[in-house]
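Peer 1: The primary structure of each chain is shown beneath.
Protein chains: 2
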Amino acid sequence: MSATSARSRRAKALDEPASPWAARRSVGRALKRDAVILAAARAFRERGYHNTSLDDLAASLKVTKPTLYLYVPGKEAILFECFLAGIAPILATLDDCEKAGGPARERLFAFIRGYAAAIVGDFGWCMLRAEDQHLGAGLSRRIKLLKAGIDKRMRALIEAGVGDGSIRACDTKMTAFALAGALNWMGHWYREDARLKPQEIADRFIDVFNRGLRGSD
Amino acid sequence: MSATSARSRRAKALDEPASPWAARRSVGRALKRDAVILAAARAFRERGYHNTSLDDLAASLKVTKPTLYLYVPGKEAILFECFLAGIAPILATLDDCEKAGGPARERLFAFIRGYAAAIVGDFGWCMLRAEDQHLGAGLSRRIKLLKAGIDKRMRALIEAGVGDGSIRACDTKMTAFALAGALNWMGHWYREDARLKPQEIADRFIDVFNRGLRGSD
Chain A
1 MSATSARSRR
11 AKALDEPASP
21 WAARRSVGRA
31 LKRDAVILAA
41 ARAFRERGYH
51 NTSLDDLAAS
61 LKVTKPTLYL
71 YVPGKEAILF
81 ECFLAGIAPI
91 LATLDDCEKA
101 GGPARERLFA
111 FIRGYAAAIV
121 GDFGWCMLRA
131 EDQHLGAGLS
141 RRIKLLKAGI
151 DKRMRALIEA
161 GVGDGSIRAC
171 DTKMTAFALA
181 GALNWMGHWY
191 REDARLKPQE
201 IADRFIDVFN
211 RGLRGSD
Chain B
1 MSATSARSRR
11 AKALDEPASP
21 WAARRSVGRA
31 LKRDAVILAA
41 ARAFRERGYH
51 NTSLDDLAAS
61 LKVTKPTLYL
71 YVPGKEAILF
81 ECFLAGIAPI
91 LATLDDCEKA
101 GGPARERLFA
111 FIRGYAAAIV
121 GDFGWCMLRA
131 EDQHLGAGLS
141 RRIKLLKAGI
151 DKRMRALIEA
161 GVGDGSIRAC
171 DTKMTAFALA
181 GALNWMGHWY
191 REDARLKPQE
201 IADRFIDVFN
211 RGLRGSD
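First to last, the sequence lines map onto chains A and B.
The opening residue of the first sequence carries number 1 in the working numbering; numbering runs sequentially from there.
The opening residue of the second sequence carries number 1 in the working numbering; numbering runs sequentially from there.
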């Protein structure tokens, strides 16, 4: 290999953009598809769904729009994939909390920690906001159903706590909404440079929801 | 007056649309402007800000787009007016709660009741979502500042509670975020046909935040 071509390769490596197309031709289809979903999730969060075009997305990945279409059928479908990527860790946490032993209040709090981590992740925004983007009726219905499923399982955890005595009698539906609201709001205000890490925020929330605010009076 | 013209006037009255232009020519400018803001707030909530054009809005009020421009300078300015209409009752509640006597915890709970009523009102959606619509830098900054002001005053109420002993020592910033999240989430899930009225929901939330969830174990 000539010194010139080694230099040229080194220069190219330094300049390598964060796109699996430019990076390595051998990268598999699934990885490339994941790269589209992740780039889209970041663009949607930053600029809004309606302000992000497939052209923007193709440009950010340094590919052409026809190339994008090899991996995804369109913008709505990408948002739905982002939504699925957003709820996946939440569903996994729910599985864990449902299977775990011990008082349901502790399992609810473990769920709060998992949810907080998910909501501030790359797909948190899409998980929260996909429903508000006025998608087609079919996708909207699937998103609503999947979210309702999470809500239902969260409420079941609270009910289990009332059942095993670890949670006092309360309006379980409104309690689930209050908890979900506090957690979802994190997706709105949380920034990566925040003073507290997601787990620390979750612990502050758990403290409030566990003991309440009532003082000594 | 002939019988024919009386009949024609009566028919017209029955058919009268919900637009102050069609209704009475003497209706003042401020009322007409308010009608634009209200119609816009409802359209934004229903169809989304980006999916609502000034043409749609003009059509819903049965006026032309040039007529709209007599009252408002453009869509962004309308959204900002909707935002202001949304925070007005919240600011009024804060004034009341700050002026009132008694333990700060009680005043915080009064604020929660006022906020819940505001968030489910016509302008609640715009109050919550204006910031996410990628408006110009000037408007975005004003919205952020006004919201930050509400957050600061809410936190001051919690701090006053810690000071007077009615609220136990807690992370006041995270507590304010948890409360705001629970309340703002109402704007997302609440529907007018809901089983509980906003005040009843606020009372359930207050119960959770006051006493916490911890059971007897």
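Calculated from the structure, these hints are not laboratory results.
Any given hint might turn out to be false.
Copies of the same chain look alike in the list, so a pair counts if it works inside one copy or between any two.
[Stated by the list, open to error] Below, a list of computed lysine-lysine pairs in the DSS-like style, where the Cα atoms sit at most 25 angstroms apart:
1) K99 <-> K32
2) K144 <-> K62
3) K62 <-> K152
4) K65 <-> K197
5) K152 <-> K197
6) K99 <-> K62
7) K173 <-> K197
8) K144 <-> K197
9) K144 <-> K75
10) K99 <-> K65
11) K65 <-> K144
12) K65 <-> K152
Peer 1: None of the hints should be skipped; say for each whether it holds.
Peer 2: Hint by hint, here is what the structure shows:
In this homomeric assembly, K99 and K32 never come within 25 angstroms of each other (Cα to Cα): the closest approach is 34 angstroms inside a single copy and 59 angstroms across copies. In this homomeric assembly, K144 and K62 never come within 25 angstroms of each other (Cα to Cα): the closest approach is 34 angstroms inside a single copy and 34 angstroms across copies. For the identical chains of this complex, K62 and K152 are neighbours neither inside a copy (42 angstroms) nor across copies (43 angstroms), given an alpha-carbon limit of 25 angstroms. Taking CA atoms no more than 25 angstroms apart as the test, K65 paired with K197 passes in neither setting, with 37 angstroms inside one copy and 49 angstroms between copies.
With identical chains, the CA atoms of K152 and K197 are at most 25 angstroms apart between copies only, with a shortest distance of 21 angstroms across copies and 27 angstroms within one. In the homo-oligomer, the alpha carbons of K99 and K62 never lie at most 25 angstroms apart, since the shortest distance is 44 angstroms inside one protomer and 58 angstroms across protomers. With identical chains, the CA atoms of K173 and K197 are at most 25 angstroms apart between copies only, with a shortest distance of 14 angstroms across copies and 28 angstroms within one. Proximity of K144 and K197 under a CA criterion of 25 angstroms is satisfied inter-copy only: 23 angstroms between copies versus 29 angstroms inside one chain copy.
Within a single copy, K144 and K75 get their C-alpha atoms as close as 19 angstroms, which meets the 25 angstroms cut-off; across copies the closest is 29 angstroms, which misses it. Neither within a single protomer nor between protomers do K99 and K65 lie at most 25 angstroms apart by alpha-carbon distance, with minima of 44 angstroms and 59 angstroms respectively. In the homo-oligomer, the alpha carbons of K65 and K144 never lie at most 25 angstroms apart, since the shortest distance is 30 angstroms inside one protomer and 36 angstroms across protomers. With identical chains, the CA atoms of K65 and K152 are never at most 25 angstroms apart, being 40 angstroms at best within one copy and 46 angstroms at best between copies.
In terms of the numbered hints stated before, the structure departs from hints 1, 2, 3, 4, 6, 10, 11, 12, listed from lowest to highest.
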